[in-house]
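Number of protein chains: 2
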Amino acid sequence: MNFEIDIEPVGRRIPCSQGDTLLSAAQRAGIVLNATCGGEGVCGRCLVRVMAGQVSPLTFTEEAELGKRVEEGWRLACQTEVCGNVRIHIPPESLATAQRIQTEGHSLPVEINPAVRVVTVNLPPPSLSDPLSDTERIKIALGMPDLVFSLPVLRELANALRINAFAVSVFLNGCSVVGLRPANTAALGLAIDLGTTKLAGYLVDLSTGETLACAGAMNPQIAFGEDVMARISHAISKSDGSEQLRSVIVEALQKLANGLCEQTKRSLLDIADVVIVGNTVMHHLFLGLPVKQLGLSPYIPTVSSALDVPAFEIGFDFAPGAHVLSLPNIAGFIGADHVAMLLGSGMVKSKGVVLGLDIGTNTEFSLIANGRHFSCSTASGPAFEGAHIKYGMRAAPGAIEKVLIYDGKLMLQTIDNQPPIGLCGSGILDLIAQMRKAGYLNSHGALDGSKGTPFIRQGKNGLEFVLVPSLEKEGREIIFDRSDVNEIQLAKSAMRTGVQILLQKAGIDEKDIDSVVIAGAFGSYLDVQSGIDIGMFPKLERERFIQVGNAAGTGARMALLSLGVREQAREMSRRITYIELTSEPSFSSMFARNLLIE
Amino acid sequence: MNFEIDIEPVGRRIPCSQGDTLLSAAQRAGIVLNATCGGEGVCGRCLVRVMAGQVSPLTFTEEAELGKRVEEGWRLACQTEVCGNVRIHIPPESLATAQRIQTEGHSLPVEINPAVRVVTVNLPPPSLSDPLSDTERIKIALGMPDLVFSLPVLRELANALRINAFAVSVFLNGCSVVGLRPANTAALGLAIDLGTTKLAGYLVDLSTGETLACAGAMNPQIAFGEDVMARISHAISKSDGSEQLRSVIVEALQKLANGLCEQTKRSLLDIADVVIVGNTVMHHLFLGLPVKQLGLSPYIPTVSSALDVPAFEIGFDFAPGAHVLSLPNIAGFIGADHVAMLLGSGMVKSKGVVLGLDIGTNTEFSLIANGRHFSCSTASGPAFEGAHIKYGMRAAPGAIEKVLIYDGKLMLQTIDNQPPIGLCGSGILDLIAQMRKAGYLNSHGALDGSKGTPFIRQGKNGLEFVLVPSLEKEGREIIFDRSDVNEIQLAKSAMRTGVQILLQKAGIDEKDIDSVVIAGAFGSYLDVQSGIDIGMFPKLERERFIQVGNAAGTGARMALLSLGVREQAREMSRRITYIELTSEPSFSSMFARNLLIE
Chain A
1 MNFEIDIEPV
11 GRRIPCSQGD
21 TLLSAAQRAG
31 IVLNATCGGE
41 GVCGRCLVRV
51 MAGQVSPLTF
61 TEEAELGKRV
71 EEGWRLACQT
81 EVCGNVRIHI
91 PPESLATAQR
101 IQTEGHSLPV
111 EINPAVRVVT
121 VNLPPPSLSD
131 PLSDTERIKI
141 ALGMPDLVFS
151 LPVLRELANA
161 LRINAFAVSV
171 FLNGCSVVGL
181 RPANTAALGL
191 AIDLGTTKLA
201 GYLVDLSTGE
211 TLACAGAMNP
221 QIAFGEDVMA
231 RISHAISKSD
241 GSEQLRSVIV
251 EALQKLANGL
261 CEQTKRSLLD
271 IADVVIVGNT
281 VMHHLFLGLP
291 VKQLGLSPYI
301 PTVSSALDVP
311 AFEIGFDFAP
321 GAHVLSLPNI
331 AGFIGADHVA
341 MLLGSGMVKS
351 KGVVLGLDIG
361 TNTEFSLIAN
371 GRHFSCSTAS
381 GPAFEGAHIK
391 YGMRAAPGAI
401 EKVLIYDGKL
411 MLQTIDNQPP
421 IGLCGSGILD
431 LIAQMRKAGY
441 LNSHGALDGS
451 KGTPFIRQGK
461 NGLEFVLVPS
471 LEKEGREIIF
481 DRSDVNEIQL
491 AKSAMRTGVQ
501 ILLQKAGIDE
511 KDIDSVVIAG
521 AFGSYLDVQS
531 GIDIGMFPKL
541 ERERFIQVGN
551 AAGTGARMAL
561 LSLGVREQAR
571 EMSRRITYIE
581 LTSEPSFSSM
591 FARNLLIE
Chain B
1 MNFEIDIEPV
11 GRRIPCSQGD
21 TLLSAAQRAG
31 IVLNATCGGE
41 GVCGRCLVRV
51 MAGQVSPLTF
61 TEEAELGKRV
71 EEGWRLACQT
81 EVCGNVRIHI
91 PPESLATAQR
101 IQTEGHSLPV
111 EINPAVRVVT
121 VNLPPPSLSD
131 PLSDTERIKI
141 ALGMPDLVFS
151 LPVLRELANA
161 LRINAFAVSV
171 FLNGCSVVGL
181 RPANTAALGL
191 AIDLGTTKLA
201 GYLVDLSTGE
211 TLACAGAMNP
221 QIAFGEDVMA
231 RISHAISKSD
241 GSEQLRSVIV
251 EALQKLANGL
261 CEQTKRSLLD
271 IADVVIVGNT
281 VMHHLFLGLP
291 VKQLGLSPYI
301 PTVSSALDVP
311 AFEIGFDFAP
321 GAHVLSLPNI
331 AGFIGADHVA
341 MLLGSGMVKS
351 KGVVLGLDIG
361 TNTEFSLIAN
371 GRHFSCSTAS
381 GPAFEGAHIK
391 YGMRAAPGAI
401 EKVLIYDGKL
411 MLQTIDNQPP
421 IGLCGSGILD
431 LIAQMRKAGY
441 LNSHGALDGS
451 KGTPFIRQGK
461 NGLEFVLVPS
471 LEKEGREIIF
481 DRSDVNEIQL
491 AKSAMRTGVQ
501 ILLQKAGIDE
511 KDIDSVVIAG
521 AFGSYLDVQS
531 GIDIGMFPKL
541 ERERFIQVGN
551 AAGTGARMAL
561 LSLGVREQAR
571 EMSRRITYIE
581 LTSEPSFSSM
591 FARNLLIE
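As you go down the protein sequences, you meet chains A and B in turn.
Just so we're aligned, residue 1 is where the first sequence starts under our numbering, counting upward by one.
Just so we're aligned, residue 1 is where the second sequence starts under our numbering, counting upward by one.
Possibly wrong hints are sitting among the right ones.
Stated by the list, open to error - In silico lysine-lysine, DSSO-like type, Cα no more than 30 Å apart, as pairs:
hint : chain 1 : residue 1 : chain 2 : residue 2
1    : A       : K349      : B       : K139
2    : B       : K349      : B       : K198
3    : A       : K505      : B       : K139
4    : B       : K390      : B       : K437
5    : B       : K139      : A       : K292
6    : A       : K238      : A       : K255
7    : A       : K390      : A       : K460
8    : A       : K511      : A       : K539
9    : B       : K505      : A       : K139
10   : A       : K265      : A       : K255
11   : B       : K505      : B       : K351
12   : B       : K292      : A       : K139
13   : B       : K349      : B       : K437
14   : A       : K539      : A       : K505
15   : A       : K139      : B       : K349
16   : B       : K351      : B       : K451
17   : A       : K139      : A       : K68
18   : B       : K409      : B       : K349
To be verified - From the structure, some residues in chain A lie toward chain B, with a derived Cβ separation under 7 Å:
hint : residue
19   : V70
20   : G73
21   : N122
22   : P126
23   : P131
24   : D134
25   : E136
26   : R155
27   : Q293
28   : L296
29   : I300
30   : S304
31   : A306
32   : E580
To be clear, the hints were calculated from the coordinates, so they are not data collected in a lab.
All C-beta atoms, glycine included, are put in the ideal place defined by N, C-alpha and C.
Please model the entire structure based on the sequences and the hints provided.
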């Protein structure tokens, strides 16, 4: 152990010896890189970038695989041996699923200018000769005669002043009092990414911008329907359906916040500001707004602009005057989570032609070019979340997340290296791309057994591809057939068609896209090359694609920390031209054409 | 029946014949004037003002009783005969208790400029090619891009638009939406006078200023304590005491509003704005603010400035975005009801030196002179509300409200002319004044039986005055003794001392007071002359006193109708110098001196 490797952005320093590969050193230290081929140099998924220090020369494999990217220091970790102290950068797409979350930056590229500021004051206690009311006393001490106190703040005021002997930190949001805390308490913020499936919460110190803790949880509304349409249906068909959906989500988010506060030993009363992002249906359900109109053409939301609501009205138990800001929605199917992604990924500030895709059950698209901004959305189907696929599953331990067919061999990588129990979205995408590449699948989605491969067999419903045979000791049989392929074709076509219509509207050629930002739960984990290969993504060099992970959460945290970012969000949402795909005349023909697998 | 009498301000026209007295004509028409002496011209309480028309010449009795007032057309109704069509004005103090409420002016001396205005719009319905959210659609139609929608408004919005086919009246408070109603609906306001004992509500059309209906009810908090101190004690000694007191009052006020709406066939959703006035303790209990500090020296309220709170946060069921404005409080014992009285009585705009007294269990004082405004308050004791007096009672049917001892005879007038069952405040005050005048009472409060009157007898606890002997067929025995006199001495002294200290502070001599405004429940009904006679009020001509009835309710309605009046209230409350009586060095000696009955 004579050398050290500094690993960005996880911020770890690990020991290694002369001759260790970057892959083996990282794995020994518990940092799990993708390596579907087992380190043979053929899957190309353990891509890292050497930023400084001595490593072994490029191998032929790397030269063939990486092309021009070698000029920027890109290497395959399995091929690169350490020859001294080095510093490397691991992009999120090279990390195994379970580890990606940990790489989310804890410091954000944003000027800290939060809505809530803290002023500590030492008030003279009242007496018969100085019998000012509590609020007047505070107004005078702060020199703010127009200070506003809401009812929940007033209800706590007398007690808060007296238990702290009139020495308090006043949390202020503009000229409104958010709460009174013991002198020198820092104000905290909570950023929430409210997904249809998952919730993520981030507890942030509003003065330093530091993320103190983050946590995730399942969205408990799943019990009432898997996707947004099922939830709408529950809300309107049951008499208390809306209220059920509202209360379970508020309860779950409060629990998430409680956990974050326990973990950091802070009080819920320190939470002075909240930013929440989610799709339009989640947003409406969370706020207790009616969703009936969102389920019927022309899909009209009650509200699309940013909304600032007192946290106590929601039912949250934070600082008594805390507010919850929900960023603007764009349309019925383009929500504040997409806006947050655009902010969090930085794409809204990028130069050139930028395409942004938020991939999930529903995919949102934004194309920013020449100062214009077009957005649309399409149901990309739940296939990539594992639904409607016979052996599909969510990205959880034991899910096959990477598939490689190389030299007649089938190589699988599962989440947490657990015995395989199903296929998650990224594995399904890989499988389609690899089957097509190996000649087991034609462009119409039919399996082809003519190559005499042992992986294809005749099943009850035609040919099927066997990923895991039933005889394997651990785990069950896992197969994939034409009906599964068809599900993917629909999703794949929806995505490519959305992009093409936006390009058409903007009058831009596909090849002129400078960068493609991919976000969203599934978008973080998929293999971009597979997506390019099957024609789901535009035919562009791999280098133009960036996977930004949970950029919506990042955007929410940025809005929490900066009034400027909130203004940016408002301005952006006003500038966006929303395109309703289904009312485009060329939509159907394009969709039909894009069903073909390239 | 050849003539007619127009009666102001009740607004009735009654028939009469040549030779009818104004008193008999009014009584025949159901308008009950005070007439303790039975129309003999000796009690001087049926005072009316002849505005136009022919009446009989002044009698000697009138000349002696009325002095200079005859120049302004004042007459005694019992002495004045009708000789043609006439128009008379009956001041509230000449009406029997039960009828006074009816004379409260329905039009108010105020420029109509309410907080809430109504705009009717006809929106284009949304479509796939025009999929704007509901709120954006309204913003565009109104040309108000910064329109604000609160959560309760948003929750009703989609439905309100669609049941009205997108043609709606938008109720606006500044740039906040209060609610959406069917096209061409007028917005209503509710003014509430929240008294310790009684509640009064007024339903007002915000566009015309007209009072559509008014109603009163008992304050249900009475079940938890008669006076404010007892309520504070309940609030802090029981774990849910505060919440109990809060919820019963909110419920009672909602019920009052429901009744007003039923009576006028209007919807609760039309109530777009609310103004409430009450003393500081009632204010805090109503808002759910802690009252512990109000029961302990130095009696610090949580809040004293005007407070604008969403009605739904209070628990009211009105227009979803309606607000409740509580006018500013001045100090722990000077509440918004006093501010409203100052506005409603017009005294805040009077020229010269004006003294205002709000008489109740607690009396509030304001002295306005030379551009300065001093206020104080004192516990005047519950004696005038009938408490602590053996045969005391509230002003209710059967209460003796007027007492006259004339020529050795005792004359009593009861409310609604019911058989006597006790004494209310105005009767008690009269009794003291009349006993003193007749020589049955010395200045220290001792009864004097030396005059040989049948009304004074030896009781178990010394001498006692018999108002109603037990042998009378209907009703029970009613007596009054020295301990009752002592209660009144305390109240009387507190009132006079408060006035004297304010005068001292302002450097003004008592005789320089130009007018004395008397308000408050008891203040409306008492006989001013009796108050002057016993030394409870300054020794000034009767003409300088004005009884303004429920001026607090009038002030609340004025604030409801005019943003200018609200600003006036804020400005006034800032200008007031509050005097804490008990910390004045001369208070004790003055109080002791003022115990004497003049």
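Each hint tested on the structure:
1. A:K349 with B:K139: Since the Cα atoms of K349 of chain A and K139 of chain B sit roughly 29 Å apart, the hinted pair holds (cutoff 30 Å).
2. B:K349 with B:K198: Holds, at roughly 28 Å.
3. A:K505 with B:K139: Distance ~28 Å between K505 of chain A and K139 of chain B Cα, so the pair holds.
4. B:K390 with B:K437: Given pair K390 of chain B, K437 of chain B holds - Cα atoms ~22 Å apart, limit 30 Å.
5. B:K139 with A:K292: holds, 22 Å
6. A:K238 with A:K255: Answer holds: K238 of chain A to K255 of chain A is near 26 Å, not above 30 Å.
7. A:K390 with A:K460: holds, 14 Å
8. A:K511 with A:K539: holds, 8 Å
9. B:K505 with A:K139: holds, 27 Å
10. A:K265 with A:K255: This hinted pair holds, its Cα atoms lying about 15 Å apart.
11. B:K505 with B:K351: Holds, at roughly 19 Å.
12. B:K292 with A:K139: Cα-Cα ~22 Å, so holds.
13. B:K349 with B:K437: violated, 37 Å
14. A:K539 with A:K505: holds, 19 Å
15. A:K139 with B:K349: holds, 29 Å
16. B:K351 with B:K451: Judged against 30 Å, a Cα distance of about 47 Å means the pair is violated.
17. A:K139 with A:K68: violated, 64 Å
18. B:K409 with B:K349: Violated - the C-alpha atoms of K349 of chain B and K409 of chain B are around 44 Å apart, more than 30 Å.
19. V70: The hint is violated - V70 of chain A has no Cβ within 7 Å of chain B, the shortest such distance being about 48 Å.
20. G73: It is violated, given that the least Cβ distance between G73 of chain A and chain B is near 47 Å, above 7 Å.
21. N122: violated, 17 Å
22. P126: holds, 5 Å
23. P131: holds, 5 Å
24. D134: holds, 5 Å
25. E136: holds, 6 Å
26. R155: Holds. Min distance 6 Å.
27. Q293: holds, 5 Å
28. L296: It is violated, given that the least Cβ distance between L296 of chain A and chain B is near 11 Å, above 7 Å.
29. I300: This hint holds: I300 of chain A lies near chain B, its Cβ roughly 5 Å from the closest one there, short of 7 Å.
30. S304: holds, 4 Å
31. A306: violated, 11 Å
32. E580: holds, 5 Å
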